[in-house]
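Once you have looked at the hints, place chain B on chain A.
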Amino acid sequence: MAEAALTLEEVPREELDAAVIRFAGDSGDGMQLTGGRFTETTALAGNDLTTFPDFPAEIRAPVGTTYGVSAFQINFGSRNVMTAGDVPDVLICMNPAALKTNVGDLREGGLVIVDTGTFTDKNLQKAGYEANPLDDDSLSRYRVMAIDISKLTLEAVKECEVTKKEGLRAKNLWTLGLIYWMYDRDLAATVEWLGTKFAKLPSIAEANIACLKAGHAFGETAELPDGALVYEIKPATFRPGLYRTVTGTEAMAWGLVAGAKLAGLKLVFSSYPITPASSVLHVLARLKAYDVVTFQAEDEIAAACAAIGSSYAGALGVTSSSGPGVALKTEALGLAITAELPLILINSQRAGPSTGMPTKTEQSDLYLAVYGRNADAPLVVLAARSSAEAFDVAIEAVRLATRYMTPVVLLSDTFIANAAEPWRLPDVGALEPFPVAFRTETEGFQPYERDPETLARPWVRPGTPGLEHRIGGLEKDYSSGNVSYDPANHQRMTDVRHEKIARIADDIPEQTVDQGPDRGPLAVVGWGSTYGPISRAVERTRSAGISVSHIHLRHLSPLPRNLGELLAGFDKVLVPEMNMGQLATVLRERYLVPAVSVPKVTGKPFKIVEIMDAIHAHSEA
Amino acid sequence: MNDTVAIPALTPQDFTSDQEVRWCPGCGDYAIIKAVRKALAEIGTETKDVVFVSGIGCAARFPYYMATYGFHTIHGRAPAIATGVKLANPELDVWVVSGDGDGLSIGGNHTLHALRRNVDLNILLFNNEIYGLTKGQYSPTSREGTRSPSTPLGSVDHALSATRFALGAGARFVARAVDTDQKRLPGILKAAHAHKGTSFVEIFQNCIVYNDGAFDAFAERKTAPETQIFLEHGKPLVFGKDRDRGLRLAPGTFSLEVVPLGEGGVDEGDLLVHDQTNRPLAGILAEMEPPDFPMALGVLFCNPEESYEAAVYAQIDEAKEASGPAGIDKLLRSGHTWTVEAR
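Just so you know, the protein sequences line up as chains A and B, in that order.
Going by our numbering, the first sequence opens with residue 44, and the numbers climb by one from there.
Going by our numbering, the second sequence opens with residue 2, and the numbers climb by one from there.
Extracted from the complex, chain A is given alone in its bound form (with noise of 0.2 Å):
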């Protein structure tokens, strides 16, 4: 095959209003890397984007094969991005592998750009190929930019004092420049990150940035059809404000030092490593100059005990995990729930059951956060809807479990985790401070007595004077808090610390409706990351006329005190969930709504025609 061979169709130079791309390749490829660096940049050019890192549990399978794949997709715009795109517009394949297990997503017409110099006989066979697909017609339906990029790296990097293999390996930058200057984007951003990163070892700086303005250089300079593959994607509209790119991770990693400092505590973060959930310990472990005191425990257990131990000292603890560990601590959670100490425990959930599908992303740990305790226990759970808005529920989550004395489960999963968006800076100043007052009055004190209002016991700091205490696991005194096995006693001290959370439901804000009106024939209710799919399918099945209405939970326990009159003036409620149906059960359990489940459970998450073809099907009946 010739170099750089080209098998475009003739293509008209395009304005578009947004475009989905996938790189993939090896794990061993940087395809995050190259992910993260078209986000800022895309970013800083103005677009509003939604992105989707997909890669396996390995951390570096076999070289080329399917399982090995690793990718990550981008959806952005010149509009409202909010879902990483149904079908990519542009797929990046480093190797046959990635081909393999990508092109079936691509849009009919789409572009497939693949870097030939993989294409071997050896990479073929263990990516499952009898034949090499760029020589048959088996990628007809695509348009196929056929480059060897491998060798364009080695020739990019000649002057660079690196190895040929230092130098491969910057072949993701190759393409980098190449799709800069496909989509007309600035390379300065990157540049300068790649100095930065590599600032002990120029001379791999050296090879990269070269590699990234070669790859652009070529776009330009390759004799390809006059303009024909340069689109254009002018900057959405966002409000004015000061904006940055930001994962679900990060937002809320930053919420819980928000939070923590609205009440005035030490934040105590306890954590055990666990796929996706390590990424709030490594964020955290970087802010001690925030007062944040991270630690990385012997098991998930000791991560709950040891939050729960600076609760009862006093700080703000909180602890993290993903499915398999959260179960792990849920002795612990029923230790915090009598002992009625504030703890936050982040659940980034992922495909199960048992080890599962680690990396991939999944929403069925919402029985385990409402029920998933021996006895009667209940407690406080909230769930983030998009990755910017992890911010603002991790506040919520502080200001419930210090003011209620509670724990909190606090659900993301690992799309919202890993996936990044733009986010306008709140007003930090604007953010309504809720100091805790722990009790120093001694007179007339009770461990157990109760705030009239919340219900909540008072919070006390060991090494205050005249409040020496004991609390503890076994069942305790109504007020005094001294062990109790009286029957009656149990049986009140069951009901308020139900109650304690019921009460909750009065302190958050009503339901509202999101999209549509407030009462029809059909409302879609979700909670988590579908937030973007649904709010996107409804709003194309309203601007085709469908009547349907879209809701979305953040407070999934206590539920708002409006959910179940709203409900009701719906005639159906679909439940889309990346579940078999958790959320519906709740509903139906609680309103005895016949709520209809659309459940997904592919590690993947809903594509908005998915959704729409739910709403079409239930509005035809």
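Rather than coming from a laboratory, the hints here were simulated on the basis of the structure.
Cβ coordinates follow ideal geometry from the N, Cα and C atoms, glycine included.
A portion of the hints provided could be inaccurate.
[Unchecked claim] Just the calculated beta-carbon pair ranges, DEER-fashion:
1. B:D318 <-> A:G509: 29 to 35 Å
2. B:A312 <-> A:A548: 42 to 48 Å
3. B:A312 <-> A:H325: 18 to 24 Å
4. A:D470 <-> B:A195: 47 to 53 Å
5. A:R535 <-> B:Q183: 40 to 46 Å
6. B:G155 <-> A:A531: 54 to 60 Å
7. A:F477 <-> B:P9: 39 to 45 Å
8. B:P326 <-> A:F477: 20 to 26 Å
[What the hints assert, rightly or not] Pulled a few chain A residues facing chain B out of the computed Cβ check, cut under 8 Å:
9. I344
10. A356
11. G506
12. L517
Just chain B now, with coordinates in the frame of chain A:
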């Protein structure tokens, strides 16, 4: 200015809560709590600054009986909870009360990691070689062949030595004591308290109901001088009512031997001298048991280094110094930002 008054020194009674003690009559725990109260009074600490954290088991009821702060938590997890307490407030004087099942079986992992991290905790491990609160099953420290409801034909697994476990885990302070030894136990507890970092004290505690007399071989008062050796740093390893026996390395080996002192025996100068900073020595002393050897009691090992929470806060202080004022605005603006102007 307000008047100041001298705070009267506290007595053991001041550390006693108003709760009725629910241990079995004759339980070794009574002797231990007495010694702890005495030690705290002698240390001169205030009740407000002391926190007792426990897990589950007979010993774990301990905090309820102390007039300090106390947290009776879940099975095996007290060291983890206590670590959280210490991380939140390093000023507190934190004690962990655990047992052989709580601390070495279900919570073995947490004990191990508290010890290796060297969190400034005082861990009191009440070893009665049995599960008491669940009615008498054998525990990880029960000797092989222990008959119990769960091992009617005798246990077949090997017993764990709490002290050797602690030494192996990297503990910087390891001591051993007998519950009823009211003469020495308070002093050992005071030494544990004075040590910054994790102090591990194994206390042989008699369970009068399920394992009575388990430690008679060395704890029996009458024979104790012949079956115990009380370790003192810098002093030769001598024991016996008449101080007529000692320990030395058997020539040409790394094994201890008991030798007679005085006429017909060896000179005191030929004996091993206890060096509490010597971990291998602590290890072989911990190996000894009757009838061939005396049981080593007292401080086997004490070699302090920076405690965990001190190191954690040193990093935090350094980061704060390097960063200057750190507010939320600054945090959110770290990294790339861009401004969208009003049109």
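Do the hints match the structure? See the list:
no.: 1; hint: B:D318 <-> A:G509: 29 to 35 Å; in the structure: holds (31 Å)
no.: 2; hint: B:A312 <-> A:A548: 42 to 48 Å; in the structure: holds (44 Å)
no.: 3; hint: B:A312 <-> A:H325: 18 to 24 Å; in the structure: holds (20 Å)
no.: 4; hint: A:D470 <-> B:A195: 47 to 53 Å; in the structure: holds (51 Å)
no.: 5; hint: A:R535 <-> B:Q183: 40 to 46 Å; in the structure: holds (43 Å)
no.: 6; hint: B:G155 <-> A:A531: 54 to 60 Å; in the structure: violated (46 Å)
no.: 7; hint: A:F477 <-> B:P9: 39 to 45 Å; in the structure: holds (40 Å)
no.: 8; hint: B:P326 <-> A:F477: 20 to 26 Å; in the structure: holds (22 Å)
no.: 9; hint: I344; in the structure: holds (6 Å)
no.: 10; hint: A356; in the structure: holds (4 Å)
no.: 11; hint: G506; in the structure: holds (6 Å)
no.: 12; hint: L517; in the structure: holds (7 Å)
Consistency note: the structure conflicts with earlier hint 6 alone.
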